[in-house]
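Novice: Kindly generate the complete structure, drawing on both the sequences and the hints.
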Amino acid sequence: MTPIVEVRDLHKRFGELEVLKGIDFTVAEGEVVSIIGASGSGKTTLLRCLNLLEEFHRGDVLIGGEAIGYHLRRGQRVRIGEREVARQRAMTGMVFQAFNLFPHMSALDNVTLGLTKVRGMPRPQAVELADHWLDRVGMLKRRDHRPSQLSGGQQQRVAIARAIAMSPKVMLFDEATSALDPERVGEVLETIRSLAQEGMTMVLVTHEMRFARDVSDKVVFMEDGRIAEQGPPQRLFLNPESPRLQAFLKTSSF
Amino acid sequence: MDWTYFFNEVVNNRDALLHGTAITFAVSLIAILTGTVLGIVIGIAVTYGNKPLRWPARLYIDIIRGTPVLVLVLATFYVSAAVGLNFNAFQAGALALTLFCASHVGEILRGALQSLSRGQIEAGRAIGLTFDGIFRYILFPQALRYALPTWITAAVEMVKASTLLSVIGVAELLLTTQQIISNNFLNMQFYLLAGVIYFLIDFAIEQVGRFIGRRLDQPTRRTV
Amino acid sequence: MNYHFNFAPILEQWPLLLSGIGLGLLLALVSIAIGSVLGLVVAFASRAPSRWLRSLAFTWISILRNLPILVIVLFLFFGMPQLGLSLDKITSFVVALSLYASAYMAEVFRGGLLSVPQGLVEAGQAIGLTSLRIKRYIVLPIMFRNALPAFGNNFISLFKDTSLAATIAVPELTFYARKINSETFRVIEVWLVASLLYIVCCYAITLVLRAMEKRLVLEKA
Ligand SMILES: Nc1ncnc2c1ncn2[C@@H]1O[C@H](COP(=O)(O)OP(=O)(O)OP(=O)(O)O)[C@@H](O)[C@H]1O
Ligand SMILES: [Mg+2]
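Chains as they are written, first to last, in the UniProt record's numbering: chain A, 1 to 254; chain B, 1 to 224; chain C, 1 to 221.
These aren't lab readings, by the way, just hints derived from the structure by calculation. Here the structure is a predicted model, which means the values were calculated and not measured. Not one of these hints is a red herring.
These stretches of chain C come out as covered by chain B in the derived footprint (C-beta under 8 Å, 3 or more residues): (1) 79-89; (2) 164-178.
One-sided and incomplete, this derived list gives chain C residues near chain A with beta-carbon spacing under 7 Å: (3) 119; (4) 120; (5) 123; (6) 125; (7) 126; (8) 127; (9) 133; (10) 141.
Ideal placement from N, C-alpha and C gives every residue a C-beta, glycine not left out.
Specialist: Shown next, in the form of structure tokens:
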């Protein structure tokens, strides 16, 4: 079976600085993969490449078997057109550290915008679907609230509904809880956990080690732009092979 | 279009043009300097004054800022004569611009002072400074720095507003230009010339302001 | 000083004064509308990928902001006919004020554009919106809301600047005030009434704008 996400030999530079130095990994359907690693190791950059928010210089990213972002024209790698990029971006759902809800729209409209303008859904149907997902993340009662009237945790749950309502093939979370007050972290992790249990394919960048251990099928440890070690959480957390990961786990809190 | 005629006319009228420019400079400078001093007093009164001080200052700012400068100029000119003050056009014009400048500076300073946190006043108290000392050593220097860009804008506004004195007969640059035009009918060319001169003056003020602004910014940036 | 106030000669001219205010408001409204459209174009140009376009935008802003509005008014009304472009006094004043407004509105919109966080653009991209749609549904609505207070201040400034139309005999409030001044010699009363009318109008505009802001401006999340 084709994996949902397949990354082959991915390289990414910011000017002179090479941030991703050849990344290979796959995510199978229904799999939950956590990416851990020190600050600056390239986790966010990797996630943003999967969503084409960053361009990359070498290698391929395949979502559902489709190579995204580039195609070959006469042996040259060319970035595809804007419309195609937009379509491919909608195949993945992104949840940002800073929520990034549209401040001038209600929670409901945040979710329906993509459904009506990208998916071309009629408004009533979009509202119905949005209500379903807002209910799923426990935000239906606040569907008419503006982001400024919601707590951080509530905003992040709306952001999750906004992404998942587009029925992406895979959900990407970039430190979804690290901008939250400690007492708000639980509600968002609970939401993510329940989506995972329903079989949603996910890639999580996280500093919540205990959570990564509990929900993931696979953990990827990044070190300086490369994957230093990957495997099932039990093995990585209990028997880390590389000294780097051992050191990293020692300094991480569970 | 006869440009040689225009250039000859510029040369013939160079003294008048220079004189007009000098008057523009003089009246703007008077307005900016006295207006700033007056404005600082008003700004402090509005921000920290007790009621009998605060209210007149507030009223002053609102009245002057709610009135178009041209109306202020005309009113100062005609009313000063009507109440028996024997101002000439230059004096009346300079007074109007000064009043205008003071209201702007007052408002700018108020904004700057109020943007400073109350915590600083308390911190000053905690080390035993009186309000006088707090104001002089802590608040005012910061407010000056904060207000500088807007103050420069106000200075540019004063030069621009000085053109309105042409209406009451102050022979500054614009009225001089109009007088020259009434002799040679080179409307387009001479208004263009006046525009270029005003632009250069204002642009220069703006650049100087940017330069000072960058210099002032440096120490704070270095400590971060 | 024994000046005897007599407002009667001025109050007799009430309809004229009111029509003067009406014309002033109209001139300001038309000018800020045209100026906003122009300003929006200039604001986008100032952030365009093309260097040439960017410097054109900044030159536009810098020139118009550093010119006295009266010089622009006189140049357009008296100077342009020499180039074969004669406009009537109202049109030429509106053109002058619109150009002037465009520079200030361009600054307002530039600030508004800068105030839209990049993260929101990315959130739009992430759900698959094209850049045109991101501008339409995300960037522009937020920019307009953020720009509203500055827009209001500019409108009030422009309304006050309509007094300059009196210099080319456009019959707005200042024009009538001068007329009544020279006809009645009730000097103090005329200018008292005129400035009071301007102040009241500016205050009324402020109130309307504040009510709009309350409904539209985004609170910080
Ligand atoms: N837009 C950019 N321009 C230049 N360098 C960048 C940019 N974004 C990231 N980098 C650099 O790329 C490297 C990887 O950054 P990235 O944000 O992917 O790290 P991360 O693993 O997500 O770190 P953290 O845990 O702190 O979020 C860092 O050295 C960073 O400074
Ligand atoms: Mg990161």
